[in-house]
Amino acid sequence: MNDGLFGALRGRVLRGLVWKGGSSLARQLMRIGVTVVLARLLSPHDYGVAGMVIVFSTLVEIFGDLALGAALVQRPELSDDDRSTAFWTSVGAGLAFTLLGIALAAPLAGFYGTPAVRPLFMVMSLSFVITAVGSTQAALLMRAMDFRGLELRLTGGAVVGAAAAIVLAWRGAGPWALIAQQVTTASVATLLVWRFSSWRPRLRFSRASLRDLASFSGRVFGTRLLFYTNRNADNVLVGRFVGASALGAYTIAYNIMLLPSNQISAPVQEVLFPTFSRMQDDVPRVARAWLAVNRVVGSISLPALAGMVMVAPEFVAVVLGPKWHPAVRVIQILAWVGMLQSLQGLNSSVLQARNRTRDLLRYGVVVCAASLTAFIVGLHWGLVGVAVAYAVSSTLVEPYYSWLTARALGISAFAFPRALARVVQAVLGMVAMLALARVLLAGTGLGPAPRLLVLVAVGALAYVPLALWRVHELRTLVLRARRLRAPSTAVEPALS
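Position 215 (the sequence shown) corresponds to 215 in the working numbering; numbering is contiguous.
Simulated from the structure, these hints should not be mistaken for laboratory data. Take the hints with a grain of salt, since some may be wrong.
[Stated by the list, open to error] As a list, the in silico SDA-like pairs of lysine to any residue whose alpha-carbon atoms are at most 20 Å apart:
#, residue 1, residue 2
1, K323, A246
2, K323, A103
3, K323, P448
4, K323, S43
5, K323, G174
6, K323, R148
7, K323, L452
8, K323, R422
9, K323, A312
10, K323, N255
11, K323, I32
12, K323, V242
13, K323, V37
14, K323, V384
15, K323, G33
16, K323, L203
17, K323, A449
18, K323, L41
19, K323, G447
20, K323, H45
21, K323, V36
Please put together the full structure from these sequences, using the hints given.
So, in structure tokens, the structure goes:
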């Protein structure tokens, strides 16, 4: 890709990262607060029953556009036939899956042995068609790198959905509060994406356009299904064989594990997928960007999750309450899974941008098979067994994902671990200081709240200087933080 095009993209990349970073931080803080409030208002059983339904919520995004949105972003050129065909195909699929979800609600309730699941799943199934109606507009905004519209849509939906959940939970609605949050968030987000997108569908459908888009989206769709199975099979198995209360504890731990991946890796991935797609022929530049951005992502996600391992007992006691004590050990184990997954978030963007969807599908098959096997074995030891099984399978399989990505970029498989070496050194230094602090605090008689404050302070004071010393990109970002909003700001340290 020529320097002129790269220069034109740089400002949009930075503005996109600012919008994604700012809105994701706001949503993360709000989500933490909402989780704490709902954890106080709802019981583990409420969370467990809702979790039996919400575990299928990711299917809304997968089936909402059949991965046609990814094809709209990746393709170098688009016709209006392509756009309209993608829209009507997505809406048709969304309507079909809404009806299918309503029909399958009773069998699903029978599978769990929990009759309350049926009406909950029927209502949540409305999200399929609601999301589908806005999926093409969202993809076109992403293609245009209009992250302002995308983020205002997500934040608006999250705020209204959270308000609905809290009000209903306060009024004693139990698991309905969490289902209402899902449907309300989807509805508001769809209304807003139509507000921010100027494109409107026409009554046109082209089989030629569908074939062309499906040649890319088919493998991406298959991969997303496999990723969904990998990400949610443990929740289904725990809910079915261990029980609703156990699933509630597992869900809380799982959501904490996913925070860095969802709030750091995923937003960066959304910005870089259209960027990599526009610069897909400049492989060396994409490779440098992949390594540099992963260093920055790792410098945030790794200490957050390693710190959670060290403070989990105090965090659960103070923030969630004593009724969630069974989640402590699961949080500590799943934090390792979160570390691994947060470092793999950019891989799919690279493989899709490079049109290596066959490799992406191959990895999906491997990770899904490994995880399912591990979960089934781990069930024999309950919640902790499933968590340990997840950690083991992730440790064995995630390096394969990195290798596939490195191969697509024509670089050594060892380039990825070398790029993260200094981040890991800083994190290990922080963990050592936290371990020492725990030993010193053991005989003080301090309660959970003071211990948590001390440990968080020690971790921050230990990690920040180490990270700024060892991670060049992080140091550069801090020095240039006040200039990030300027359109002319360069990003050479991160992308070249």
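- Any hints this thing doesn't respect? Which numbers, in order? Those not satisfied are hints 2, 6, 8 and 16.
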